[in-house]
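Model the placement of chain B on the given structure of chain A, informed by the hints.
As they're listed, the protein sequences go chains A and B.
Quick note: to get our numbering, add 2 to the position in the first sequence (first position is 1).
Quick note: to get our numbering, add 2 to the position in the second sequence (first position is 1).
There could be a bad hint or two in this list.
Heads up, the list lumps identical chains together, so a pair's fine if it works in one copy or across two of them.
With a straight-line Cα cutoff of 25 Å, these simulated SDA-like cross-link-like pairs (lysine to any residue) come out [unchecked claim]:
{"#": "1", "residue 1": "K169", "residue 2": "I183"}
{"#": "2", "residue 1": "K385", "residue 2": "P121"}
{"#": "3", "residue 1": "K104", "residue 2": "P121"}
{"#": "4", "residue 1": "K169", "residue 2": "M391"}
Keep in mind that the hints were calculated from the coordinates and are not lab data.
Given next are the chains, with one letter for each unit.
Protein chains: 2
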Amino acid sequence: MDSKEKQEGLSRRDFLKMSAAAGVGIAIGASGLGAIMGTGKSSSTKTAANAADADKGDSIPMYGEHQAGIITPQQTYMYIASFRITAGDKANVVRLFRDWTKFSDLSTSGGTMKTGDNPMLPPSDTGETLDLPASSLTVTFGFGPTFFSDAGKDRFGISHLAPRYLKDIPRMARENIDASISGGDVCVQVCAEDQQVAFHAVRNFIRLSTGYATLKWMQEGFISATPGKTPRNLFGFKDGTANGLHDSASGYDDVVWAGKDEPAWLQGGSYMAYRKIRMLLEMWDRTSLTDQEATFGRFKESGAAFGAKGEFDTVDSSKLPDTSHVLLAKESKQSIHRRAYSYTDGVDPRTGNVDAGLLFISYQKNPEEQFIPMLRLMQNKDKLNEYTMHVASALFACPRGLREGQYIGQNILEG
Amino acid sequence: MDSKEKQEGLSRRDFLKMSAAAGVGIAIGASGLGAIMGTGKSSSTKTAANAADADKGDSIPMYGEHQAGIITPQQTYMYIASFRITAGDKANVVRLFRDWTKFSDLSTSGGTMKTGDNPMLPPSDTGETLDLPASSLTVTFGFGPTFFSDAGKDRFGISHLAPRYLKDIPRMARENIDASISGGDVCVQVCAEDQQVAFHAVRNFIRLSTGYATLKWMQEGFISATPGKTPRNLFGFKDGTANGLHDSASGYDDVVWAGKDEPAWLQGGSYMAYRKIRMLLEMWDRTSLTDQEATFGRFKESGAAFGAKGEFDTVDSSKLPDTSHVLLAKESKQSIHRRAYSYTDGVDPRTGNVDAGLLFISYQKNPEEQFIPMLRLMQNKDKLNEYTMHVASALFACPRGLREGQYIGQNILEG
Numbered sequence: 003m004d005s006k007e008k009q010e011g012l013s014r015r016d017f018l019k020m021s022a023a024a025g026v027g028i029a030i031g032a033s034g035l036g037a038i039m040g041t042g043k044s045s046s047t048k049t050a051a052n053a054a055d056a057d058k059g060d061s062i063p064m065y066g067e068h069q070a071g072i073i074t075p076q077q078t079y080m081y082i083a084s085f086r087i088t089a090g091d092k093a094n095v096v097r098l099f100r101d102w103t104k105f106s107d108l109s110t111s112g113g114t115m116k117t118g119d120n121p122m123l124p125p126s127d128t129g130e131t132l133d134l135p136a137s138s139l140t141v142t143f144g145f146g147p148t149f150f151s152d153a154g155k156d157r158f159g160i161s162h163l164a165p166r167y168l169k170d171i172p173r174m175a176r177e178n179i180d181a182s183i184s185g186g187d188v189c190v191q192v193c194a195e196d197q198q199v200a201f202h203a204v205r206n207f208i209r210l211s212t213g214y215a216t217l218k219w220m221q222e223g224f225i226s227a228t229p230g231k232t233p234r235n236l237f238g239f240k241d242g243t244a245n246g247l248h249d250s251a252s253g254y255d256d257v258v259w260a261g262k263d264e265p266a267w268l269q270g271g272s273y274m275a276y277r278k279i280r281m282l283l284e285m286w287d288r289t290s291l292t293d294q295e296a297t298f299g300r301f302k303e304s305g306a307a308f309g310a311k312g313e314f315d316t317v318d319s320s321k322l323p324d325t326s327h328v329l330l331a332k333e334s335k336q337s338i339h340r341r342a343y344s345y346t347d348g349v350d351p352r353t354g355n356v357d358a359g360l361l362f363i364s365y366q367k368n369p370e371e372q373f374i375p376m377l378r379l380m381q382n383k384d385k386l387n388e389y390t391m392h393v394a395s396a397l398f399a400c401p402r403g404l405r406e407g408q409y410i411g412q413n414i415l416e417g
Numbered sequence: 003m004d005s006k007e008k009q010e011g012l013s014r015r016d017f018l019k020m021s022a023a024a025g026v027g028i029a030i031g032a033s034g035l036g037a038i039m040g041t042g043k044s045s046s047t048k049t050a051a052n053a054a055d056a057d058k059g060d061s062i063p064m065y066g067e068h069q070a071g072i073i074t075p076q077q078t079y080m081y082i083a084s085f086r087i088t089a090g091d092k093a094n095v096v097r098l099f100r101d102w103t104k105f106s107d108l109s110t111s112g113g114t115m116k117t118g119d120n121p122m123l124p125p126s127d128t129g130e131t132l133d134l135p136a137s138s139l140t141v142t143f144g145f146g147p148t149f150f151s152d153a154g155k156d157r158f159g160i161s162h163l164a165p166r167y168l169k170d171i172p173r174m175a176r177e178n179i180d181a182s183i184s185g186g187d188v189c190v191q192v193c194a195e196d197q198q199v200a201f202h203a204v205r206n207f208i209r210l211s212t213g214y215a216t217l218k219w220m221q222e223g224f225i226s227a228t229p230g231k232t233p234r235n236l237f238g239f240k241d242g243t244a245n246g247l248h249d250s251a252s253g254y255d256d257v258v259w260a261g262k263d264e265p266a267w268l269q270g271g272s273y274m275a276y277r278k279i280r281m282l283l284e285m286w287d288r289t290s291l292t293d294q295e296a297t298f299g300r301f302k303e304s305g306a307a308f309g310a311k312g313e314f315d316t317v318d319s320s321k322l323p324d325t326s327h328v329l330l331a332k333e334s335k336q337s338i339h340r341r342a343y344s345y346t347d348g349v350d351p352r353t354g355n356v357d358a359g360l361l362f363i364s365y366q367k368n369p370e371e372q373f374i375p376m377l378r379l380m381q382n383k384d385k386l387n388e389y390t391m392h393v394a395s396a397l398f399a400c401p402r403g404l405r406e407g408q409y410i411g412q413n414i415l416e417g
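Chain A with its partners taken away, still in its complex shape (with noise of 0.2 Å):
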């Protein structure tokens, strides 16, 4: 491929398209810079859902029964974008996804798109990540309600394939939904064990948006655990301890995986579920160690419920306090799959408090049965209410993984 004067008649999106078709390890000398598209860093793949003790080096391939990035152990920094589609044909989507997926192969095995190809157009790659490995990046699409349905109209012809569940989550009690930084057409989560990593990600997908969608909102988040350990949220509690109960391939088809139930492109994808939750980090400061740990039914330094020795003990709803949060998430009777992050936004100029808190996200096959209930009685009754406010919220329907070959949403556009 001796390229230089078929470059010049390509548009970038064009030459990226061309690029990640040519696949990995293609040097390209047009620029004189003797760049190489594509390089795969890694230092070792393991298999997508469940790659165990990632280091920073490591590359978790993005193609599989099932979307990396929902059952992987949980990468310490993450950004979730939403987009509004605004293409006006379904050809433009699939123009859109096609990219999108073809950045995602790249990007997830530690290459780059090649810089430095025609110096005349914008190079192909941002660029932030070229001295970076794979850093256990994650991509992870959903799709909003408003993707099959806008208000009444099937925008791209594919209504019919709408997932079972998939509407916005009701009005809560309690809460102050922005709207503006909920919701949206589609999503992208990107997680990955370094932050620029993520962002290279996510920023490449809101550039290779252009023309077809629109960036609605985005936030970014991150968690720290010594490997083996829950991580704590920023209440200085261990968050996601619940996940080792159905940590297993029946236990993850019993609570995550969609069934029989959906259309097929949605059998083993998952419903995710996002609510950002501001944390008063100030009162919650001020309340004593008796009242915090009563508000969680939780010791806070081993994590065990009250009534237990261990964090991993089976938990005694009689010795929980009335409203705590472990009582009421066992009083829901239902298992959801938690990866929440913690949030830092800088200083909120109402207060002139630390705008901070926990990015809840969990997935599950039926949001109406496993999460909407255990929202439900939680904003109702929870004692951590007192604390937090929840002030974004969205729930997207996450497709089954995809076969190399294939792009993302092509079995609802194709369907």
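Same frame as chain A, but now just chain B:
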């Protein structure tokens, strides 16, 4: 210290002081949790100022000739918080700075204030780093002009100890500074290899300031680099290449450390210049590689200046475009020590564009000679101005390092 009775008569602030004074590793059984106060979790320690090859477990000591976090190799995450002191008298300022110093000591060595002391009081630590190592945490304090004299008033009787060059950075061409996220009486720069560890520290500085100071603004940043390589900013270009030119003890004396012409407390300290620079990523990403490289005067991938081969080769001004960033930096004939971070702040609701950019931070011994002329030249001429906007600004004087037993600012307040 069998202290159930004793503790009950103490405020949290008193307890912190008592705990910190009692040193490391004292088990206190009052809550039955058996927690350890101030456990040093670090796997190794290095000299404060120049710990190379830090890993997540490392502890960087806070005592020494210079404050850590100035020429310390850049950690991956940073928070910077600026406070307005509300305490009306010097004694209360001393109280705050003593508490901050004790907490710095504890957290930089990987410890936490003990959780679970008197359960009827708020926990003495917020708890989110209970399972996390020191993570190369550094804490760097600096004082703004208004600490010494505010609207002509010498608030704490220290105006005679004001540094020679400490005043607000003058208004510049093409800037759009938001006063609410600029300046301040005292700032804390917290850096670590782990964002949760960094946030824990800044959050506890805020907590300990209750009644003595209010948070004015807080900003978070990140930067990633493969060890031994210069990190890249969000324009995809290497940032900090020129730091190599003064990387020696005499180089730091020439560039960074304040000298004999300053008050004693500042000798061995430095001036921190802070500029929050919004980068117009969408516009930059539509710019050709040729124009991007001409804007910097460097090649994007290699980082070499125009006319040079390697990133660190001597720069030949005759090869650089007229208004390029590197030419202007060279023309100003001044060195500064750069320690910049990238930031991402979600979506700008006014434009729908990503709000992201650079937290420019530099340290220098004489801002009037080194930083301000360079800034003025660049704000007037730099081709980069087409793609950037300065939105916040501050200058702080960072004291020399502490000996064990001293508290931050002691040489000013008791000077």
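So, going through the hints one by one against the coordinates:
{"no.": "1", "hint": "K169 - I183", "in the structure": "within (17 Å within a copy, 39 Å between copies)"}
{"no.": "2", "hint": "K385 - P121", "in the structure": "between (59 Å within a copy, 18 Å between copies)"}
{"no.": "3", "hint": "K104 - P121", "in the structure": "within (22 Å within a copy, 54 Å between copies)"}
{"no.": "4", "hint": "K169 - M391", "in the structure": "within (22 Å within a copy, 40 Å between copies)"}
This entry satisfies every hint, going by the numbered hints stated previously.
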